[in-house]
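Given the coordinates of chain A, work out where chain B should sit on it, guided by the hints.
Residue numbers (full-length UniProt numbering), protein chains in the order written: chain A, 1 to 895; chain B, 1 to 895.
Do not rely on the hints blindly, as some may be mistaken.
[Said to hold, decoys possible] Among chain A residues calculated to face chain B with C-beta under 8 Å, some are:
1) 716
2) 795
3) 799
4) 802
5) 805
6) 808
7) 809
8) 813
[What the hints assert, rightly or not] Selected chain A positions facing chain B (in silico; Cβ < 10 Å):
9) 365
10) 797
11) 800
[What the hints assert, rightly or not] So the derived label-pair ranges between C-beta atoms look like this:
12) 749(B) to 387(A): 44 to 52 Å
13) 546(A) to 790(B): 35 to 43 Å
14) 149(B) to 824(A): 45 to 53 Å
15) 376(A) to 834(B): 47 to 55 Å
16) 687(B) to 827(A): 39 to 47 Å
17) 376(A) to 549(B): 24 to 32 Å
18) 499(B) to 376(A): 42 to 50 Å
Think of the hints as simulated: they come from the structure by calculation, not from any bench. Each residue gets a CB set at the ideal place from its N, CA and C atoms; glycine is no exception.
As a plain string of letters, each chain reads:
Protein chains: 2
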Amino acid sequence: MERNERSTPVPGKEKEVDIINIKGIEDIGYVQPDSILLNCLTPEENTGCQHGLYFQDGERRVDYILTYHIKKPSSSRSNRQSSRFTDNAFTRSLRRGTARLGRAPTPQPRGDPEVASQDHSMDYHVDDKRLHREEFEGNLRDMGMELEKDEDTKTPGVGFVKIHAPWHVLCREAEFMKLKMPTKKVYEMKQSTGVGAKINTLVNKVTEPLYPNVEDNRTHNECPILYVRLVLPFLSYQVFEVLKRTKCTKCGPCNACYVLTFSCFVFQLLYEEWASYSVFYKYQPIGLVRKYFGEKIGLYFAWLGLYTQMLIPASLVGVIVFLYGCATVDDNIPSMEICHPKNNITMCPLCDRACSYWKLKEACGTARASHLFDNPATVFFSIFMALWAAMFMEHWKRRQMRLNYEWDLTGFEEEEVSDHPRAEYELRVMQKSLKKEHKTQKVLIGVTFAIVFGVILYRISTKTALHMSNNPTTRSNVRLTVKTTAAIINLVVILILDEVYGAVARWLTVLEVPKTDKSFEERLIFKTFILKFVNAFTPIIYIAFFRGRLVGRPGSYLYVFESYRMEECAHGGCLMELCIQLSITMLGKQLIQNNLFEIGIPKLKKLIRYIKSKRRSFQEEEREKKLQRYETDHFLEPFAGLTPEYMEMIIQFGFVTLFVASFPLAPLFALLNNIIEIRLDAKKFVAELRRPVAARAKDIGIWYNLLRAVAKVAVIINAFVISFTSDFIPRLVYQYMYSPDGSMHGFVNHTLSYFNVSNFQDGKEPMDPQHQVEMCRYKDYREPPWSNTPYVISKEFWAVLAARLAFVIVFQNVVMLMSDIVDWLIPDIPKDISLQIHKEKILMVELFMKEEQGKIQFIDSMMPCGGKEKRNNHAPIARSRSIPHTHSHTHANNF
Amino acid sequence: MERNERSTPVPGKEKEVDIINIKGIEDIGYVQPDSILLNCLTPEENTGCQHGLYFQDGERRVDYILTYHIKKPSSSRSNRQSSRFTDNAFTRSLRRGTARLGRAPTPQPRGDPEVASQDHSMDYHVDDKRLHREEFEGNLRDMGMELEKDEDTKTPGVGFVKIHAPWHVLCREAEFMKLKMPTKKVYEMKQSTGVGAKINTLVNKVTEPLYPNVEDNRTHNECPILYVRLVLPFLSYQVFEVLKRTKCTKCGPCNACYVLTFSCFVFQLLYEEWASYSVFYKYQPIGLVRKYFGEKIGLYFAWLGLYTQMLIPASLVGVIVFLYGCATVDDNIPSMEICHPKNNITMCPLCDRACSYWKLKEACGTARASHLFDNPATVFFSIFMALWAAMFMEHWKRRQMRLNYEWDLTGFEEEEVSDHPRAEYELRVMQKSLKKEHKTQKVLIGVTFAIVFGVILYRISTKTALHMSNNPTTRSNVRLTVKTTAAIINLVVILILDEVYGAVARWLTVLEVPKTDKSFEERLIFKTFILKFVNAFTPIIYIAFFRGRLVGRPGSYLYVFESYRMEECAHGGCLMELCIQLSITMLGKQLIQNNLFEIGIPKLKKLIRYIKSKRRSFQEEEREKKLQRYETDHFLEPFAGLTPEYMEMIIQFGFVTLFVASFPLAPLFALLNNIIEIRLDAKKFVAELRRPVAARAKDIGIWYNLLRAVAKVAVIINAFVISFTSDFIPRLVYQYMYSPDGSMHGFVNHTLSYFNVSNFQDGKEPMDPQHQVEMCRYKDYREPPWSNTPYVISKEFWAVLAARLAFVIVFQNVVMLMSDIVDWLIPDIPKDISLQIHKEKILMVELFMKEEQGKIQFIDSMMPCGGKEKRNNHAPIARSRSIPHTHSHTHANNF
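One chain only, chain A, in its complex shape (with noise of 0.2 Å):
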């Protein structure tokens, strides 16, 4: 109210506004990365420094800094074509939002062929790029926005244009956005009496410090508000959030309303209750993040929080099942088994001449730990866990439902429907056509190459660590530490190949030239999971699924590349294996790349920034400590989109899905490092970096359909891992269709198969001296030598096989009908909203009917003498007039 009262009033007359149609205001000179919302003062910063926060005049607040480059015309140009590859949502709005204003678009030269030819002038240029600034700035006063220039600022070389956006022009740019949502009220929900507020109140009181200390939050609720969005298409609304509160009578709306000045209250707010560890138990204010940063921002918070707080219940199950594994380590028969003193079954070589024949006794170490995460209730807890991502899904559908409707974007659709194509599409899309062929072949090859070189850099790893290990002191232990050796090294591979990745999946993206930024982006995202993913998981897919797998026999081995035997497993199944690399990587991920590298580099590079302006500079420290707000926000690092974050929990999710049978503390994992992801994330966006613009958002978008894909990954591999990784299966097979006594004794001896030494191929047998043996042991089912067809594929083995398919059949389907039923047992739209949503339209039909009553009153009380004539006409549908009334149907019953 106050603030309505103290804005100037409107410049230009509201006429049509001819703008011309620019394409993007890098073309004339700004420099478009560069350009700034202001950042808030952090609460140290924020006493008495207000410096370049308003304008001269101490009364208009800064909105909107736009910078360009003076005195540096060749620099300019480079960045300009630069620029176009960082085309941001900022700029779009910004050409929409004057495109939409435009009627006869002024011809412009632009990035085509002429304006190139033109470039040899390049004052000219300069100049027709100040014209076209100045022009461009023109319009911007038109439409009603309040500039200030500020070319003489302490940073060399930089222009600084500073926007104030004037209350009606929100108020106007808020009408567009709204033409579908006229009124919204919160109402109250009935409150339950009796026992169950008790309850509640019970619950609300335990519950309390989980909350952040935000008030917003909590008055939401209590009285009836009738807020109107205000969305900027070119301006971060939130700093103008509007709301009209009425101090409810019946069911009259709004009777009081004012502008609820934001003054940087909502970002100390952020900054103590948010963006801090102490409150790493508490609930995120996802509200108020979505007022600072935009619906975008918030989606991903909001996310980020219920996949936080999902994993809590699946941590929890995860080591349960753990301890129960470690409860029944002891009572484990085949690992009693083969630990057993008495033991004494001679196993053949693991390597061709080095290695000697070894007792199945020095395995009892591996196969006690495999039992840890080889046991009936892993099977459990693959189950679970499908059930908990089908479940996290249809929460997270709730949230999102919940949040459109509390953030007031039930009405709101994207806008680009295969418009506004971006600024390259055009230009290469000539130069398009004749590199078809070439790409695509460039395109595969590139792909096939990175994927091949990874595995093989992974293979050689692997082998050489193996390598070491066959000296003759090869124990049990010195395995153990191989392993994890080779699984570091891997993670170190997939560490740097995750970059290369990354430039390759934008590389690709560009050949590609998708035709609008939103299919530029959902590509890129695309395949930068595809690569990433691979990357990740191809390690652990194979150690999962082929290592061990093609082994040969003794006697008539697999080699690859003429001399390398292929690797086998432990005994006990490679899960062990399996179960160290996941972990090795999934930690070494989470704390090197994310961590380390998400608050180190962005401090390193802030840093540089600073040395790099100070050096330029010496003698000007005192000064810069005055430095304008806007100039001090120039050295943070601009924001880059929400990518690399959900990029780095979406493979996260990966892990916690997809091979959980093999590692039920995955989760565990994933909640420790969440909850610390969640406050790094909230300083990095608080502190670290240029403040975004906001941007709406409905969902999370593609996210949401790789989060669903990983899913259903999840449940096949899943069901892969326990029949064919575990010997979960051929335990089952033993005990129900060999096993004498029905118990589990005897199962070591039936998974060995006989090997008579004399069977080996010459040059192959052990060297060792030391060992006497006629027959040794292999894990395999095959044939015994005795047999009328030695070493052929035994039945057993074909029982073993058909049961685990059967497994694989019967899980898949019933955990797919598990989540189906799931997710049809949830609805999307949470009871209360869609009651409220209800209760709203029925509002809407009572305020229309009173508003009819009240217009005939108004058009009787005008027009006293043609009030009976026009009362007939008030019929809502409007009838043959004439031009002046050419309006839509709700609006043509308005006078």
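Structure of chain B alone, referenced to chain A:
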């Protein structure tokens, strides 16, 4: 326009109408299920006879008829009871329409215990009803409706109330419904030029005869039309479709608008261009269907049309697959081997004692026939059909989207959100808690009993059929006859049980007491679907997956009831029998149940009604010919909902997709049926039934989910049919694992195990003295009698089983992945529609801008003195004004 002027002025003031909040008009004596919307006249009837289409003044059209019983209070009461359970869409909408306007509901005694106790005084009750009826009619008048009573008709005991809704009432109602979507502008799509346009013209010319001769459809896109949908919650709004046409200037909307007088024009078009077998090859005039019957029925026919259309490629491919089978039958090595004259394999007898040994040659015919449905092409076909189903789903989504757009439903949302509890809900909810335990038990017992009963019936029928065949004349041809008769018996059982299950489902749902009408309908549909589906497919699933599996082996057959041997399949798998069963069930269901029942029964009922009323008044025959229009409609069958139609189609969809691997001709049969079905249904809706009250719907609701579920189940069932029912996998395994030369030679021999006849149990050996054999063969993978473990399942069995299971996994996942890709590749919203929606949005913004200006000018001209002041205030957000302006945001800036 003309119509508009003719209508009488508003009778009551447009004040807040207080209407009693009646729960259902049947409570005040109206015979709800008899209340009718007038049918149009068939062209034959149309000559001259316009009786009863208008009020006495011949000007005002009769829009709706309410009927009630007079002078027969006792029957009215029983009627009231029954009508409660047939509470349909109209009552609900009427209830809603009145309830919405109602502010102070008069407390009114109705079907609660108190009223029941008051029933002793019947006279009072009747009077009471008349009073309420009069009150209700008065309220209708207050709402602007015009009424005319006609108690003195030729139909004794029935009174009619004719209702006419004047123009302005319709307009007001339209306003209610269209709060969100004020305008609509149909854009001309950009005409492609050059070759594209020529091809387009050509295609249009070629497909010309496929389109129905309905100009309306053609002109639709020629001129931008701004039409306002009139939606009456209690009147069939299509009758009053209003078209506002514009002589399109550049962007200005509507400057001429008139009412398309309805006058049964649409009906005649429908009768000629839709409900006729002679136009079976044409597209349906869906737009007209919707105009006449409403969106819900329109969507059904659109869906049926698309389904039929999609069946064309499916049946084409199916026929090709079948022809491929026919063409390759002579090249099929297994059947060649069986039919080879030198083949002298002696098979074990098919039943105990009575049957003798037989020669494999005898199975020649069956083996050749099996090949028609059991060849590699079927595998391809079932993958094709799975993708076809996915495509169909996607296409329907797009079609639905397009219809939603064209029919202006994009803003429409189903209103039923957990309010409007059904009448009996409240009554029953108390009883429910008492009956809960009993109920669930009853439910469970009922369902189980019914299913078991069905299966037993089936078993016995086939058993007896088989026993008949066990006399010495058993031959291959006789077996076929037996199978066929068994299938026919089955069909009859299915048809009978279908009716039973329909009743059971309704009974179960009534027991459940769902809260709202919508949930009642959905639960009923779901239950009926499950039961009917199980009923139709149980015998088929039995044949496909269980028959011939649990036979045991010669010498140790499995017996049920100690004496009945489990049935075996003929040589060549059970596929042939499956195929016969499928085709007979499908064709039989379609021919008998759908067509015969659907045409026959309504005709019969109509006849009975007619005869009844004739008997009542023989002498009045002459007068009857001059019956009022609404009286002749009285003799038609009331519309019973679309559930049976959808159910029929979804069961058919099941036949088309579920077992398509064994019966590639199913799509063809479905196509032939549906071509007739469309016109049949059309005829039924147009001429045989009372015109249904139009209902709005955005989608086909639960049916879509059921379709999806069927399509999902189809994938896994087809995988199992191919791998377990057909010999596809054993053939592959033989070819790649066991065949000495990689060909199929020797396959038949490989699948047959040996049996030493001396191992027959006593009394089970065949009594036939003709044959003296030592060894007989049987189809199974078992060890021969001379092995160490005779008759034990052999390694080949496990290998084949593993291959079968692996195939299921691969097939299921590949097909699911491909379906997902299809789902992902085809956008849900057709491109042109999303473009149009986008363009409309732009238009809205333009309009809004213009209007804003217009408003300022208007205010300036109205208030020359206060203009300046007002103008500053025109910012759209309503500020602190007082009560009279208590309106929503959009309307806040209307002055």
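Verification of the hints:
Interface restraint check: residue 716(A) against chain B, minimum CB-CB distance 6 Å, threshold 8 Å, status holds. For the restraint placing residue 795(A) at the interface with chain B, the shortest Cβ-Cβ distance is roughly 4 Å, inside the 8 Å limit, so the hint holds. Among the interface hints, the one on residue 799(A) holds; its C-beta lies about 5 Å from the nearest C-beta in chain B, closer than the 8 Å criterion. The criterion of a C-beta within 8 Å of any C-beta in chain B is met by residue 802(A), whose closest approach is roughly 4 Å, and the hint holds.
Here the hint on residue 805(A) is kept, as its CB sits about 3 Å from the closest CB of chain B, short of 8 Å. Interface restraint check for residue 808(A): the shortest CB-CB distance to chain B comes to about 6 Å, inside 8 Å, so the restraint holds. For residue 809(A), the shortest C-beta to C-beta distance to chain B is roughly 6 Å, which falls under 8 Å, so the interface hint holds. For residue 813(A), the interface hint holds, since its Cβ comes within 8 Å of a Cβ in chain B; the closest pair sits about 6 Å apart.
Here the hint on residue 365(A) is broken, as its CB sits about 33 Å from the closest CB of chain B, past 10 Å. Contact between residue 797(A) and chain B, as hinted, is supported at the beta carbon level, the nearest pair being about 8 Å apart and thus within 10 Å. At its closest, the beta carbon of residue 800(A) sits 9 Å from a beta carbon of chain B; the interface hint therefore holds under the 10 Å criterion. For residue 749(B) paired with residue 387(A), a C-beta distance near 49 Å keeps the hint of 44 to 52 Å intact.
As the Cβ distance of residue 546(A) to residue 790(B) is approximately 39 Å, the hint placing it in 35 to 43 Å holds. Restraint check, residue 149(B) to residue 824(A): a C-beta distance of roughly 50 Å satisfies the suggested window 45 to 53 Å. Between residue 376(A) and residue 834(B) the C-beta distance comes to about 51 Å, which sits within the given range of 47 to 55 Å. Roughly 41 Å separates the CB atoms of residue 687(B) and residue 827(A), a value that falls within the hinted 39 to 47 Å.
For residue 376(A) and residue 549(B), the hinted distance range of 24 to 32 Å is satisfied, since their beta carbons lie about 29 Å from each other. Between residue 499(B) and residue 376(A) the beta carbon distance is about 48 Å. The supplied range of 42 to 50 Å therefore holds.
Checked against the numbered hints given earlier, this structure breaks only hint 9.
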